[in-house]
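Q: If you follow the hints, you should be able to join the two separate chains into one complex; please do so.
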Amino acid sequence: MESSESPAAAAVRTRTIARLIRERAMSSPNQVALRHKDLGIWRETTWSRYWEQVLLAAHGLLSLGVDTGDRVSIHSEDRPEWVILDVATVAVRGITVGLYPTNPAAEVRYLLSDSGSRVHLAEDQEQADKLMEVIDALPDLERVIHVEPRGFRTYRNDPRFVFWDEFLEMGRSHRAENPGAVEERMREADPDDVMTLVYTSGTTGPPKGAMLDNANAEYCFDELINADSRMPDNIGPNPSDEILTYLPLCHVAERIFSTWTSAVTGTTLNFAESIETVQENLREVQPTLFFAVPRIWEKLHASVILKSRDATRFKRLLMSLCSALARVIGRQRANNGGRHTLRSGILFMIGYPLVFRALRERIGLRRCRWAATGAAPIAPEVIEFFHGLGVNLYELYGMTENAGFATNNFYGRMKLGTVGEPYPGIGFRIDPETGEIQTRHPGVFRGYWNKPEETAEAFTPDGWLRTGDVGEWVDGTHVKIVDRIKHIIITSGGKNVSPSEIENSLKTSPFVKEAMVIGDRRNYLTALVGIEFDTVGDWATRRNIPYTTYRDLGEKPEVLELIQGVITRTNSRFSRVENIRKFRMLPKELDHEDGELTATQKLKRESMEEMFEELIIDMYSSRS
Amino acid sequence: MRSRPHLHTSYSADQALMPTATKKVALATFLILAALAPIASSIPFYPDFLGNNDWMKLLSHVAIFGIGALGINLLTGVAGQVSLGHAFFMGLGAYVGVVFGAPSGDLWGWGLPMWIWLPMAGIIPAAIGLLVGPAAVRVRGLYLAFATLGLVFIGEWAWRNLKFITGGSFAGRRFPEFQLRMWKEEEPLVDFASDGVWLGFEISEEAKVYLLMLGLLVVATVLAKNLQRTRAGRAFQAIRDRDIAAEIMGVNEFKYKLMAFGISSAYAGVAGALFASFVGRQIPETWDLFLSVEFIAIILIGGAGTVSGALMGSAFVILLPRLVQDFTEWLSNVIADGEGLLASVADAVISVSPDDFGVVNILPGAGPGLSVFQLNQVLFGLLVILFMIFEPLGLYGIWLRIRNYWKGWPFTY
Chain A
6 MESSESPAAA AVRTRTIARL IRERAMSSPN QVALRHKDLG IWRETTWSRY
56 WEQVLLAAHG LLSLGVDTGD RVSIHSEDRP EWVILDVATV AVRGITVGLY
106 PTNPAAEVRY LLSDSGSRVH LAEDQEQADK LMEVIDALPD LERVIHVEPR
156 GFRTYRNDPR FVFWDEFLEM GRSHRAENPG AVEERMREAD PDDVMTLVYT
206 SGTTGPPKGA MLDNANAEYC FDELINADSR MPDNIGPNPS DEILTYLPLC
256 HVAERIFSTW TSAVTGTTLN FAESIETVQE NLREVQPTLF FAVPRIWEKL
306 HASVILKSRD ATRFKRLLMS LCSALARVIG RQRANNGGRH TLRSGILFMI
356 GYPLVFRALR ERIGLRRCRW AATGAAPIAP EVIEFFHGLG VNLYELYGMT
406 ENAGFATNNF YGRMKLGTVG EPYPGIGFRI DPETGEIQTR HPGVFRGYWN
456 KPEETAEAFT PDGWLRTGDV GEWVDGTHVK IVDRIKHIII TSGGKNVSPS
506 EIENSLKTSP FVKEAMVIGD RRNYLTALVG IEFDTVGDWA TRRNIPYTTY
556 RDLGEKPEVL ELIQGVITRT NSRFSRVENI RKFRMLPKEL DHEDGELTAT
606 QKLKRESMEE MFEELIIDMY SSRS
Chain B
6 MRSRPHLHTS YSADQALMPT ATKKVALATF LILAALAPIA SSIPFYPDFL
56 GNNDWMKLLS HVAIFGIGAL GINLLTGVAG QVSLGHAFFM GLGAYVGVVF
106 GAPSGDLWGW GLPMWIWLPM AGIIPAAIGL LVGPAAVRVR GLYLAFATLG
156 LVFIGEWAWR NLKFITGGSF AGRRFPEFQL RMWKEEEPLV DFASDGVWLG
206 FEISEEAKVY LLMLGLLVVA TVLAKNLQRT RAGRAFQAIR DRDIAAEIMG
256 VNEFKYKLMA FGISSAYAGV AGALFASFVG RQIPETWDLF LSVEFIAIIL
306 IGGAGTVSGA LMGSAFVILL PRLVQDFTEW LSNVIADGEG LLASVADAVI
356 SVSPDDFGVV NILPGAGPGL SVFQLNQVLF GLLVILFMIF EPLGLYGIWL
406 RIRNYWKGWP FTY
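Chains as they are written, first to last, in this note's numbering: chain A, 6 to 629; chain B, 6 to 418.
So that you can see chain B by itself, here it is in the shape it has in the complex (with noise of 0.2 Å):
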C-alpha cells in the first residue's frame, strides 16, 4: 500500500526485496552513478578521478572480490558453516575457465566463448563442491574449517602438478580475455578487452572491464539477495541460528548444508576465473589458504549474514591497501614540502631513507619499519580483532545502528 509501508495485503509485498519507494529510489540512483563512473570527466560534480583507469581497475577488484564474498557469506555468514576452502573453490573455476575458455596450445585449451566457460567456472566447482561436500558437512565448527582447510593445501599441491593445465609454479598461464563471441569467430561481437567507442564516448579497457564487472556483480546480488528469502534461504539461517532446533522443524539440515556449500562453491568459481583473467596471468600459488583467509575477513569486516555487508566488506578490504598507499605518499610530500608540526609529525612517521627513523618506509630499503604492504597486513590483522570485539556485524552493523537511530524517531526503539 503506498504510504502505508507496513500494510502488507499479500506475502509478496510482505517479503520483497525492495519494501518501500525509497529504496528503490536509492538503489536506482546508486546504480545509475555507478554506472556513470566510466564517464566521470565530463559529468559536472562527478569525483573525476573514479573514471581513471587504475581506479577503474581497483572498482573492478571490488566487483569480482564481491561476488566471491557474495558465496563465502552465504555458506559462512547465512548458513553458519565457517570454510577455509573457498581459494580452492576460486582456483579450480579460474582453471576450468581456462580449459574450456584459452586456445589449445602446449597447455589444455578448447578455445570456447565466453558464456560457456564463465558458466561452466561456476556449475563444475558446484558440482566438485556437492561431491566432497557430503565428508564435510558431517562436521560442525572448528572441524569444518579443518577440514575445508585441507582442500586448499591438496589444491595448491594439485595446481603446481598438473602443470599441462595451471603452467607451473613459475610461468603461470594466461588466462581467457573478456570477449563475448558467438562461437570461435575472428571478431568478437563486443570486445572488453581494448579500448573503443561506446554509445559516442571513448572508453577505455579497463572502463570495459569495470561496466561488466559491475553488471555481473549485479546479477550476483540479485540472486544471492533473493536467495535468502526463498525456503532454503530461510533453512540456512534455521540451520546457522540453531541446527538441532532447525532439523526438529523439519528442515532437512544435510541437504541444505550441501546445497549452500554447492551453491557457495559455484559463486566461488565464478569470481576465481573473473579474477584470473582481469588479472591476466596467475600462478597456482594464488590461490592459497592467504586468499581464503582474506575472504573470511571481508565478510567479518563488512558484516556476516547481509549481501550488503559482503559487498562493503570487499570494498573496504581492496580499497583500504590503496588509501594507505595515497596516505603515505602524501605524507612523504608534507616532508619534502618543509617545515611546521604536520611536517615533523609525518617525518616521524614515515622512513624516506635508510637513516632515517620511521613507523613505515616508502621507499625498498629504506630505514628500519613496516613497508606499506606489511602495514596493510598489520592494519587488517588489528581491524578483524577490532570488529570481531566491538561490532560483530560488521560495517552492515554500523550501518545499522545508524539506520536504526533514525528509524527509531524519535524514540530510541
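Isolated chain A, as found in the complex (with noise of 0.2 Å):
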C-alpha cells in the first residue's frame, strides 16, 4: 500500500472515482470488492487487491506515456480488467472509451479514430482480428493491451501488442522507478477533467462520444446512488448488498449501477461469464440489486411461462393458479405505489411458500430487494408480474448525456406506466409546445467530443438539456415517456402515432421479439414483425408444425395465424389510426453486426427501411 496523503492535501477538489476506490482499500482492505468465474469457481478480490491492481495498471499506463486528457479505449467483455483498466485511467487524468464487445470492425475503426484513442485494450484474438483490420486508419493509436493471451501468436512480433499481465509488470517497475507518481497525478484530479467518453448508441447517424467529467460523476454518486429513499426501507446500497454485472459497462446505465454504485457504497461486484449465461449466474449470486433493460426481464418472464408449461400435470395447475395470484398481486401493488395492500399481503403470504420463493430462487430473484429496468420501454404486465412474485421492480428514466439522471419511481409511490417523478431538486421540465423533456442540474454532461454543432443542438437558448424524448405529466408528478421525437410518425391524414407504443404492446406477447411500425407520410400503419425463436419453436414443435429454420418458421400459415392474433388483440386497444393493417415477417434475426440494431440493441429504424424496402413496399403495394 502506498502511504497515505497528508491531511493538509486532503483538501481534495474532486472525488474521483478512483479516490473512492482507494478510500475502501483504506477502510475495508480485507472486504471482497470483485468476484469473477474463473473455472467455474467465482474466485474474489478484496478492496485492497482491487485498489493494488488498479494502482499497478495506472503507473503501467504512466509508463506508456498517458497524459492528462488522453484517451483509452476498452474493447471488451465485462471483466475485473476493464474497471480496473477504466479506474487506472481516470487515476492518471486519462478518459475512457468504453466499445460494445459486439462492434464490427468499422464501428471499432471510427470510435477510435473519433476519439483518438493513444491506448486500447482489445479483450481477446476476437476484438484484437477486429482492430488489425483498419489499425492502419489510426495513426493515434500507440499501444494495444490483450488480456486473453490465446490465439496471439500471429500478433508476437508486433510491438504494439502487450499483454496484460506485462503491463502490470510494466506498471510495477514504473512504481518503484517513480514512487508516488500515480498519486500526485490523482491530487491534481480536476472537478472538469473528463473521465469518460460515452458513445451514444446512434439509432440516427453515427455515434457521438459524450463527455463526462469528474464533476458530473460526483453529483450521481451523492444525488443518484445516495439517494436511499428510492429503495426499499430507505436503505441504500451498502457492503452487505450484491450485484451482477452483465450489460455492457460501456452503458452509462450499467457503469452506473455497477462500478459506480460499488465503489461509492462498497457493494460486492459480481461478472457474469456472458450475456448468454446471465440466468445461471443470477441463480448463482442470487444479487440483491439488480438491473436490467427490458428485453432481460421479458426473458426472464417468458422462461418462467415456458418452463411452468413442460411441468407435470400438478405442477402445471399450480404454476396457473400461482401466476394468475401474482397478477392480482401485482395489480393491487402497482395501484398503490407500489406497497402492499391488505389483500396482496395476505395473497401473498399464500403465493409465497407455494411457489413464489421457489420460482425467486430458480430465475435467481430471492435476496433481490431492489431491481430497475430503464434503457428502453417495457409492458406494464411484465412490472406487475414480478411486484406479485414480491421483486420490487421500479422503471427509471435518464439519459447518457445527463449521467441517467432523470426521473425514477420511488419506492411506495409508483406508477404503473410512468417512468416515476423527477428526482427533487433538479431542474426538469416539459417543452409545452413539443411535449420534449428537458433537465438542467449538475449532472448533465459537458458537450459531444469535437462536435460542438451538435453539442449546441443538444442543447435549448436557455441551457436546458434536450433529451429528444417525448414526455407527458401524469397527475401533475409522474412522468410518462411517449416516444423519441424523432420516431414519432405523421400518417398522411396527418395524425400523430407514437410507435413505440404500439411496438411495444406487440412485444408483450412471448411470441413477438422484435416489431417495427411503419406509416410515416403513408395512408396507413404497417408493422415487420420478428419471431422469438424460441418459444414460437416450442409452440410449433407442440402443434406438430415442422420446420427448419427462423425463416420457414416465420413462414408457416399457422405461425402467420398467430401473429396475426397478437396484431388484432394489439390493435383493439388503439385507435383506428393507430392499427396496424398489414404485416410481413422479418426473415432474419437482427443482429448489431449486420447493422440491424444497434450495440443496445434498439432498431435502427433508417438502415431498417432500407434493408427491408422490398417488405415495406410489399405491403403498401400489395393486396393482402
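No wet-lab data here; the hints were simulated from the structure. It is possible that some hints are incorrect.
Cross-link-like lysine-lysine pairs, in silico, BS3-like; alpha carbons within 30 Å at most [claimed, not checked]:
id, chain 1, residue 1, chain 2, residue 2
1, A, K312, B, K412
2, A, K312, B, K28
3, A, K320, B, K28
4, A, K320, B, K29
5, A, K607, A, K135
6, A, K304, B, K412
7, B, K412, B, K168
8, B, K412, A, K320
A: Below, the structure written as C-alpha cells:
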C-alpha cells in the first residue's frame, strides 16, 4: 500500500472514482470487492487487492506515456480488467472510452479515430482481429493491451501488443522508479477533467461521444447512487449488497449501477460470464440489487411461462393458479404505489411458500430487494408480474447526456406505465410546445467530443438539455415517455402516432421479439415482425408443425395466424388510425453486426427501412 | 457462501461432502436418533420397539451388511466391475480375524486384541485381492463375474479343508468377541459382549454391539463417500462409464481397477470378520455363492453406484424378512380372532394346519404352500427383477425422483 496523503492535501477538489476505491481499500481492505468466475469457481478480489491492481495499471499507463486528457479505449466483455483499467485511467486523469464487444470492425475504426485513442485494450483474439483490420487508419493508436493470451501468436512480433500481465509488470517497475507518481496525478484531478466518453448508440447517424467529467460523476454519486429514499425501507446500497454486472460496461447505466455504485457504497460486484449465461449466474449470485433492460425482464418472464408449460400436470396447475395470484397481487401493488395492500399482503403470504419463493430462487431473484428497468420501454404487465412475485421492480429514466439522472419510481410512490417522478431538486421540465423533456442539473454532460455543432443542438438557448424524448405529465407528478421525437410517425392523414407504444404492446406477447411500426407519410400503419425463435419453436413443436430455420418457421401459415392474433389484440387497444393493417415477417433474426440493431439492441429504423425495402413496398402495394 | 448455495468460491466448497446447512442438520439429527435407539423406551415419542434386543440385533446386522455393501458398491457400482467374489473375501476376512483374535486351542489362534484383528481382517483380504486381481481385471463384464465366481468355489473348498482354521463343515468355530483390550489382559477396557451400565443407562449386550456397529458404519461410510470425490473415485467412475474413453483421458485403467478390487476386498474382509463375530459361530458354508448374490441384490435394490443406495439396500434386504414374518404372524392372529372379510382373506393366504389351503404356511409341516423363508426368496427375486426393469437406480432412484420433484419446484427441470 502506498503511503496515504498528508492531511494538508486532503482538501481535495474532487472525489474521483479512483479516490473512492482507494478510500475503500483503506477502510475495509479485506472485504470482497469483485468476484468473477474462472473455471467454475467464483474468484474473489478484496478491496485492497483491487486498489493494488488499479495502482499497477495506472503506473503502467504512465509508463506508456499516457498524459492528462489522453484517451484509453476498452473493447471487452465485462471483466475485472475492464473496471481496473477504467479506474486506472481516471487515476492518471485520462479519459476512458468503452466499446461494445459486438462493435464490428468498421465501428471500431470510427470510435477509435473519433476519440483519438492512444492506448487500447482488446480483450481477446476476436477483438484484436477487428482492430487489426482497421489499425492502419488509426495513427493515434500506440499500444494495444490484450487480456486473453490465447490466439495471439500471429501478433507476437508486433511491438504494439502487450499482454495484461506484462502491462502490470511495466507498472510495477514504473512504480519502483517513480513511487507516488499516480498519487500525485490523482491529487491534481480537477472537477472539470473529462473522465469518460460514452458513445451514444446511434439509432440515427454515427455515434457521438458524450463527455462526462468528474463533477458530473460526483453529482451522480451523491444524489443518485446515495439517494436512499429510492430503495425499500430507505436502505441504500451498502457493503452487504451483491450486484451482478453483465450489461456492457460502456453503457452509462451499467457503469452507474455496477462500477460506480460499488465504489461509492462498497457493494460487491459479480461479473457474469457472458450475456448468454446471465440466468445461470443470476441463480448462483442471487443479487440483492439488480438492474436490467426490458429485454432481460421479458426473457425471465418468458422463461417462467415456458418452463411451467413443460412441468408435470399438478405443477402446471399450481403454476397457473399462482401466476393468476401474482397478477392480482401485482395489480394491487401497482395501484398502491408499489406497497402491499392488506389483500395483496394476505394473498402474497399464501403464494410465497407455495411457489413464489422457489420460483424466485430459480430465476435468481430470491434475495433481490430492489430491481430496476430502464434504457428502453417495458410492458406494464411484466412489471406487474414481478411485483406479484414480491420483486420490487421500478422503472426509471435517464440518459447518457444527463448521467442517467432524470426520473425514478420511488419506493412506495410508483405509478405503472410511467418512468416516475423527477429527482427532487433537479431542473426538469416538459416543453409545452414540442412535449420534449428537458433537464438541467450538475450531472448534465459537457458536450459531445469534437462536435460543437451537435453539442449546441443538444441544448436549448437557455441552457437546458434536450433529451429528444417526448413526455407527458401523469397526475402532475409522474412522467410518461411517449417516444423519441424523431420516431413519431405523422400519417398522411396528419395524425401523430407513437410507434414505440404500439411496438411495445406487440412485444408483450412472448412470441414477438422484434416489431417495427411503419407509416410515416403513408395512408396506414404496417409492421415488420420478428418472432421469438425459442417460444414460437416450442409452440410449433407442441402442435407438430415441422420447421427448419428461423425464416421457415416465420412463414408457416399457422405462425402467421398466431402473429395475426397478436396484432388483432393490439389493434383492439388502440384507436383506428393507430391500427396495423398489414404486417410482414422478418426473414432473419436482427443483429448488431449486420447493422439492423444498435449495440444496445435498439432498432436502427433508417437502415431497417433500407434493408427490408421490398417487404415495405409490398405491404403498401399488394392487396393482402 | 451462506444462503447462496450455488456460489462456490473455491473448489473445496464445490465438492463439499455436505454442501448445505440443511444436509448437515438432517444428517446430524439422523445420527443422534440412531445413537439413541438403545434407550428408546426412556425417550418420549420414540418408537419403543427399536430398543428391544431383537431389533438391536437386526439393526446391527443391517450395519454390518451396510459395510459389506459399501465394498461391493465401490467395485460394482462405482467402478463398474461386476464381481461375485464378495463372499470369498468376507470369508477370508472372517478367518483372518479369527486366527488373529481367537484364543489358541485345538484350532489356530493368537488371541490378539481387537484393534489388531479387525484391521488385519481388512488388510490381508486387500492384499490377497491385489494378488489375484491382475488376473481378474484383465477381463470385463460377464467374464469378470465368472472369474470371480471361481474364487467363491475355491474359497468354499479351502474353508472346508483348512479344518485347523475353520473348524470344518459341521462344527464350525467360535469367533472372537467384541472386546477392546490394550493387549492380552483379563479385564477388557470396553466390553461389548456383556450387559452393563453406560452413562447411567442399562445397556444390553445387543445394544452395545449395535452402537459399535453404528460407529464402524459411520467411519466406513465417510471413507467410501470421500473416496468418490477423489482422483481415484473419479477415475473409477470414468472406467465404469466407458473404459476405453477413460484410458484415452489418461486414466490408468489397470491400476485403478486393481485399486477398486483391493479396497472392495478390504471392506468385504472387515464386514466378514464383524459378521462372524456378531453371529458367534460360523460354518464354512456361510461364505457361499448365495451370500455374494445377496450383496449384488442389495446394491441393485438400493441403487448401484451410490453410497446411500448401498445403505438403503442393506436395510431393506435385512429388514424385509422380518417384516414378512411379522406380517404373516399378524395375519394368522387375524384368522384366530375370527370373522369378517379380512379374516377370510387372511385365511386364503395363510395355511395354519396340514389340511388348510394357503399360499404361505407359517407352521412347519402345514399344508401346501411356501414357507416364510421360501416366500422371502420369491419376494427378493421379484424385487430384483422389478427394480432392474422399472427403477434401475433402485431405492436411491426413488429418493432421487422425490428429491428432484421438490428441487425443480415449481418447474419440472
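Q: Look at each hint and say if it fits the structure.
A: Status of each hint after checking the structure:
For a cut-off of 30 Å, the pair hint linking A:K312 to B:K412 stands: about 14 Å separates their Cα positions. Straight-line distance between C-alpha atoms of A:K312 and B:K28 comes to about 27 Å, which keeps the hinted pair within the 30 Å bound. Among the hinted pairs, A:K320 with B:K28 is consistent with the structure: their alpha-carbon atoms are about 25 Å apart, no more than 30 Å. With a C-alpha separation of about 29 Å, the suggested pair A:K320 and B:K29 falls inside the 30 Å cut-off, and the hint holds.
Distance hint between A:K607 and A:K135 is fulfilled; the C-alpha atoms sit about 22 Å from each other, no more than 30 Å. Taking the CA atoms of A:K304 and B:K412, the gap is near 22 Å; set against the 30 Å cutoff, the hint holds. Between the alpha carbons of B:K412 and B:K168 the distance comes to roughly 57 Å, so the proposed pair goes past 30 Å and is violated. For the hint pairing B:K412 with A:K320, the CA-to-CA distance comes to about 12 Å; that is within 30 Å, so the pair holds.
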